[in-house]
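Residue numbers (my numbering), protein chains in the order written: chain E, 31 to 277; chain H, 5 to 299.
Simulated from the structure, these hints should not be mistaken for laboratory data. Please note that a few of the clues may not be correct.
[As the list claims (entries may be wrong)] Partial chain E-side listing against chain H, Cβ under 10 Å, derived:
{"hint": "1", "residue": "Arg-34"}
{"hint": "2", "residue": "Val-106"}
{"hint": "3", "residue": "Gly-187"}
Small disclaimer: the values here were computed from a predicted structure and weren't measured. Heads up, the beta-carbon is just placed ideally off N, CA and C, and yes, glycines get one too.
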Amino acid sequence: MSARLVARDVRKNFGGVQALRGVSVTVEEGSVIGLIGPNGSGKTTFLNLLAGAEKPTSGTIELNGRRTDGLPVNRVVGLGIAKTYQIPRPFLAMTVRENVAVAAMYGAFHRKPGEARDDAGRLLSLVGMDPQAETVAAELTVQHRKQLELARAIATGARILLLDEVFAGLSADELPRSINLVSKIQKELGFGALVVEHVMRAVLTLSDHVVVIEEGRTIAEGAPQEVVHDPAVIEAYLGTEVARAPT
Amino acid sequence: MADLGLVAADLVVGLMLGCVFAVIAHGLNVIWGVTKVVNVAHGEFIMLGAYGAYYLNLYLGFNPLLSVPVDAAIGIGVGFLFYFGLLHRELRGKETITRESEMVTLVATFGLSLILSNVALAIFKGDAVGIRWAPETLALGPVGVPLGGLYVAISSVAIIAISDLFLSRTYLGNAIRAYSQDIGAAQLMGINPTRIAAIATAIGFGLTMAGGALLTVWLPVGITPLIGSTYAPISFVIVVLGGPGKMWGSLLGGLTLGILIDVLPAFGISTSIAVAVAFLILIPVLLFAREGILR
């Protein structure tokens with residue numbers, strides 16, 4: 031059965047602040063959903079709710095019909111939903127291979143230590159980090175840390191990935207390569223992804239469907255090209271950036 | 005000028021004693037490195053380990069080496085109790101230990117240390133006891149190597165080596181290392197944080213009490229309820245010297261202290277001054293090599 035993550039009318043209050051006022055998103059295995067919105071619109075909060083790092087105030091989150099809201103992060107990962115950190119948090123004293131192997135040992139796969147190391151090797155060649163496999167994570171560049179963050183999330187065996195600004199902070203020449211890489215890996219492995227992103231080019235290239243949120247509610251959704259031409263979206267947030275985006 | 009034969013003999017004893025110090029410090033190191041909790045009652049659990057070995061010898065005729073697994077098992081049980089009774093409330097659901105939790109655990113373990121040493125004083129009395137276990141002495145030229153001490157030293161190194169292998173090669177060991185580096189990220193890999201913190205605490209206590217049993221070889225008439233106050237500070241120096249969280253650091257630190265404490269007296273410096281010198285090393289280490297002497 032292919033995985034299907036469904037969030038229905040999810041709301042989240044922090045004290046008196048309504049961070050999310052009813053957002054619904056469905057992510058299916060094999061498809062990429064882009065989630066965009068201005069700073070502070072609730073994107074990261076939404077991702078944290080899906081990953082189990084926070085509990086929604088109301089609304090439901092289901093994976094294949096099974097409720098996951100309220101479960102702790104490690105249980106959610108075990109069911110096959112993995113998240114990356116916006117600022118990568120590798121295990122700094124471990125090598126790149128060990129980092130990925132830990133994800134394969136726990137996560138949803140539960141590989142034995144030996145198998146996990148083999149898995150890690152395969153994944154690292156997939157993300158192009160073979161040469162860094164034995165490097166201690168503390169010595170990696172920003173881009174490599176981001177790739178490692180992605181490799182680790184994939185290594186958990188998750189069928190739904192929640193990618194938090196995987197492309198932020200990359201230089202102009204790293205960006206197209208990185209977008210191509212993620213697109214290639216996603217097609218090859220066929221996982222579903224919810225991509226939170228500021229880099230418009232990445233969202234437009236990768237996503238099959240885009241959801242735009244502002245101040246905690248959905249203001250538009252649809253195919254990437256439709257959404258960027260939606261007047262409400264342009265007014266809310268995209269304005270100048272769309273004018274520059276390749277269409 | 006010190007007698008060279010005497011210095012050589014002290015060096016050998018210092019090295020063997022240092023191996024035992026390493027196991028004791030290792031217990032503290034695992035708890036500190038993984039949960040970031042400093043167990044001030046560490047010395048009292050060494051003392052309980054030593055009494056455990058003493059009573060196992062008295063009633064069952066166990067030698068200190070045979071008591072090691074028994075003490076370790078008791079220590080593991082105590083560690084789980086300690087975790088769920090005290091630490092869990094402070095660590096649950098947190099990605100880093102808060103200042104408040106640091107204070108709470110410091111004060112609580114300090115209190116525990118006072119309670120344990122005084123209860124021990126009431127039960128065991130102040131008289132020093134000891135285990136008479138003296139396998140032969142091996143003559144290496146002018147130096148006599150007590151075999152009991154040698155067996156204990158070998159066991160100690162084996163314990164450190166096994167725990168290193170455990171941490172790098174096993175399923176649980178990898179999770180413990182991941183947890184000690186980043187609790188949030190470890191959880192995001194599917195690791196259950198409570199489970200790992202509890203198991204690491206249990207392992208730390210197992211090592212500490214096993215270390216107490218090993219130590220009895222060097223305390224033939226010296227087990228008292230107050231030995232914790234001697235060996236806890238030594239453990240702290242070793243952990244800081246070797247670097248918190250570094251397994252082989254414990255061994256290196258242990259050997260350094262063992263040699264200092266045993267060899268300086270051969271040069272006419274009293275043992276208590278030798279211990280003070282050991283503590284003095286801490287100052288330059290803390291100033292210039294905060295991560296310990298091992299890179």
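Tested hints:
1. Arg-34: At 20 Å from the nearest chain H Cβ, E:Arg-34 fails the 10 Å test, so the hint is violated.
2. Val-106: holds, 9 Å
3. Gly-187: holds, 9 Å
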